[in-house]
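K.L.:
If you read the sequences in order, they're chains W and S.
For what it's worth, this note's numbering labels the leading residue of the first sequence as 17, then goes sequentially.
For what it's worth, this note's numbering labels the leading residue of the second sequence as 17, then goes sequentially.
Careful: at least some of the hints might be erroneous.
Remember, identical chains collapse to one label, so a pair may be satisfied in a single copy or spanning two.
Stated by the list, open to error - Pairs of lysine to any residue residues, derived as SDA-like cross-links and limited to a Cα-Cα distance of at most 25 Å, are as follows:
1) Lys324 - Pro107
2) Lys324 - Glu252
3) Lys324 - Glu180
4) Lys43 - Ser71
5) Lys324 - Gly130
6) Lys324 - Tyr132
7) Lys324 - Asp267
8) Lys43 - Arg61
9) Lys324 - Asp121
10) Lys324 - Val257
11) Lys43 - Glu312
12) Lys60 - Tyr33
13) Lys43 - Gln271
14) Lys324 - Gln255
15) Lys324 - Asn106
16) Lys324 - Asp92
17) Lys324 - Gln79
18) Lys324 - Leu90
19) Lys324 - Glu86
20) Lys324 - Pro131
21) Lys43 - Ser311
22) Lys60 - Arg315
Bear in mind the hints are in silico, worked out from the structure with no lab data behind them.
There are 2 protein chains.
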Amino acid sequence: MKSSAAQSVSGLSGKGYTAGIDIGGTKTLILITDSSGHIVVRNKRPTVQVQDAESFIAGVFQQLDEVLQEVGLLRDRLAGIGIGFPGAVNPQTGMIHHVPALPLDGMNLLELIGPYYDGPLYLDNDVNMAALGECWQGAGAGSTQMVMVTVGTGIGGAMILNGELHRGAGYTAGEISYFVVDHRPEETSGSVSSLEFGRYESLASGTGIGEHARRWLRQQHGQVGEHIIAQAGRVEDVQAVHVLQLAAAGDMDAQTIMQEPIGYMAAGIANIVSLLNPERIVVGGGVSESSYYMSELARRVQQFTPIKAQLVPAQLGNEAGALGAVYGVLQTFRTPAER
Amino acid sequence: MKSSAAQSVSGLSGKGYTAGIDIGGTKTLILITDSSGHIVVRNKRPTVQVQDAESFIAGVFQQLDEVLQEVGLLRDRLAGIGIGFPGAVNPQTGMIHHVPALPLDGMNLLELIGPYYDGPLYLDNDVNMAALGECWQGAGAGSTQMVMVTVGTGIGGAMILNGELHRGAGYTAGEISYFVVDHRPEETSGSVSSLEFGRYESLASGTGIGEHARRWLRQQHGQVGEHIIAQAGRVEDVQAVHVLQLAAAGDMDAQTIMQEPIGYMAAGIANIVSLLNPERIVVGGGVSESSYYMSELARRVQQFTPIKAQLVPAQLGNEAGALGAVYGVLQTFRTPAER
């Protein structure tokens, strides 16, 4: 395929470089890739903290310019820019909603970005971008039916079905943080708001694992769990990472703690498998680096559904979203002959 | 749009009539429509009960010939035949799997049907067909992001996403009968087989509602629930329909009984909404005829997810699948100019 890669260098207006930007609630990562998708420079820094949308976008482009300067490029040498946002984005209109972490709710991103860049621009949700990235260069490569599940502070989801991102009628598809896998019949009231921590993520995210671990440890007597507490220093500081490390090393208490969050996570993933019959489920976030977690998760998913799917860890780590943003540009703006 | 309908009469090889066949585990429905999709004859009878695939298909075509005879048509006057099966069907290859109710598992339907009909043939899963039917002439009309959920003896699902049926990597998408919405952390073992009654449907199907009602009634004392038992004659004969009728009439005991299965159903539908962000959820089966059921279901779904979707009852009843089979033929074999 070298010839087609060489073609695309000249094909993308002869410019060849693409910027992929992943804006998270806390960090913003910018990658510049050449026309083959190889990263030539990367830059990660705290996300701009300002109150208004205009200053926010100005800050993002200031960071971009500084990154470009490092490699002696100017914005107009870019074949395109892809940007992922932690919210519901309509790539066609540029409208963004449900973006609690940034001062952009209800804004039109195309209008905001227009003054800074008038070349090919691909905008989307950050988890959609991560799924695109994994599908391009990572654990989803070769699959046209793939679901990405990210497990970190929260839980996110994105789907590539029949080779295309499924975004949903209101561009909020993949909001699996709200999954209900633990309904009790006696629970007949209650309500959700779109801003609160989702029910599924309170049970099964990294945050949820930490909370469950601390609760469990406080209920023990004698020396049970002492070595887990020792890892962190004190029980208040025990996080998911401590429990996962010990569970992987064969520690029985840590494995006991992990059963509950893995069980809930497995129920949700089994539901995705039963509903969508994807070829592959790509699990991202810190937990996916634990082979103990991944193999236990696969075992439990099989207890919940007879439908088969490959369960694999993500491969691109924190760069999946920014790489997906690059891929979004290439997919959207390359002519068919260049692909 | 009259002119385009008139065009298609001549367009479909000048034949104009299409057969839609919905093969269920117990009943087989055959519809013949004219080129505008209007039904000219309908025939429903018990599904052929034989042990081998060849005799089964022969029986289906015998029924078809008898229906055609009623209106003075021969098979070769048909512009096409659509057939829905209760199993996982690959419409391209004609392979069928997971079809416990019929002697067809692992067979190639195209090969079996070839000797009887060599015109345009559209084969698919029965719930997919029902979703196509509702999307064409029923509750899904005008929507390109629609999920169909059928609640009867069991629970089935099908999805039209971005205007196309989503069938999944192994053509089993929509197997929501296996949904887990009631996981308990203490439940760490167990297994599923592809043949057993799904967990979700044991809680929330019509069958599940009946079982829950009888269990609930047996636990009561005094006169509680007596009027429900009176509807059926004796507690052993109480079915979902009795409880739904009384609940709709304002009976408190019946409404109490319905809370549990509606709660479980709502959790599963909320999960579909959170994951896929569909525009519309079409609920089919007997329960959907109860406005009490539908409004309670909508209320409970909103307690589980902040993502909005329209929840509407199916409109085509038992004819949705056969009409969808007709639509599948028209969609697949009409030229773009004829659509």
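K.L.:
Determine for every hint whether it applies to the structure shown.
P.N.:
Right, here's what the structure says about each hint:
In this assembly of identical chains, the alpha carbons of Lys324 and Pro107 lie at most 25 Å apart only when taken from different copies (20 Å versus 32 Å within one copy). With identical chains, the CA atoms of Lys324 and Glu252 are never at most 25 Å apart, being 39 Å at best within one copy and 38 Å at best between copies. Both within a single protomer and between protomers do Lys324 and Glu180 lie at most 25 Å apart by alpha-carbon distance, with minima of 21 Å and 23 Å respectively. Within a single copy, Lys43 and Ser71 get their C-alpha atoms as close as 17 Å, which meets the 25 Å cut-off; across copies the closest is 65 Å, which misses it.
In this assembly of identical chains, the alpha carbons of Lys324 and Gly130 never lie at most 25 Å apart, being 46 Å within a copy and 31 Å across copies at closest. Neither within a single protomer nor between protomers do Lys324 and Tyr132 lie at most 25 Å apart by alpha-carbon distance, with minima of 47 Å and 35 Å respectively. Within a single copy, Lys324 and Asp267 get their C-alpha atoms no closer than 30 Å, and across copies no closer than 44 Å, so neither meets the 25 Å cut-off. Taking the closest pair of Cα atoms, Lys43 and Arg61 come within 25 Å of each other only inside a single copy of the chain (6 Å); across copies the shortest separation is 64 Å, beyond that limit.
For the identical chains of this complex, Lys324 and Asp121 are inter-copy neighbours only, at 18 Å across copies versus 39 Å inside a copy, given an alpha-carbon limit of 25 Å. With identical chains, the CA atoms of Lys324 and Val257 are never at most 25 Å apart, being 29 Å at best within one copy and 35 Å at best between copies. Taking the shortest alpha-carbon separations for Lys43 and Glu312, neither the intra-copy value of 31 Å nor the inter-copy value of 43 Å comes in at or below 25 Å. In the homo-oligomer, the alpha carbons of Lys60 and Tyr33 lie at most 25 Å apart inside one protomer (18 Å), although the nearest pairing across protomers, at 63 Å, exceeds that limit.
In this homomeric assembly, Lys43 and Gln271 never come within 25 Å of each other (Cα to Cα): the closest approach is 32 Å inside a single copy and 50 Å across copies. Taking the shortest Cα distances, Lys324 and Gln255 never come within 25 Å of each other, neither inside one copy (32 Å) nor across copies (34 Å). In this assembly of identical chains, Lys324 and Asn106 lie within 25 Å of each other by CA distance solely across copies; the values are 17 Å between and 32 Å within a copy. With identical chains, the CA atoms of Lys324 and Asp92 are never at most 25 Å apart, being 47 Å at best within one copy and 41 Å at best between copies.
Taking identical chains as interchangeable, the C-alpha atoms of Lys324 and Gln79 are never at most 25 Å apart, the minima being 44 Å within one chain and 37 Å between chains. Neither within a single protomer nor between protomers do Lys324 and Leu90 lie at most 25 Å apart by alpha-carbon distance, with minima of 48 Å and 43 Å respectively. Taking CA atoms no more than 25 Å apart as the test, Lys324 paired with Glu86 passes in neither setting, with 47 Å inside one copy and 45 Å between copies. Taking the closest pair of Cα atoms, Lys324 and Pro131 never come within 25 Å of each other, the shortest separation being 49 Å inside a single copy and 34 Å across copies.
For a Cα distance limit of 25 Å, the shortest separation of Lys43 from Ser311 qualifies neither inside one copy, at 30 Å, nor across copies, at 43 Å. Neither within a single protomer nor between protomers do Lys60 and Arg315 lie at most 25 Å apart by alpha-carbon distance, with minima of 36 Å and 44 Å respectively.
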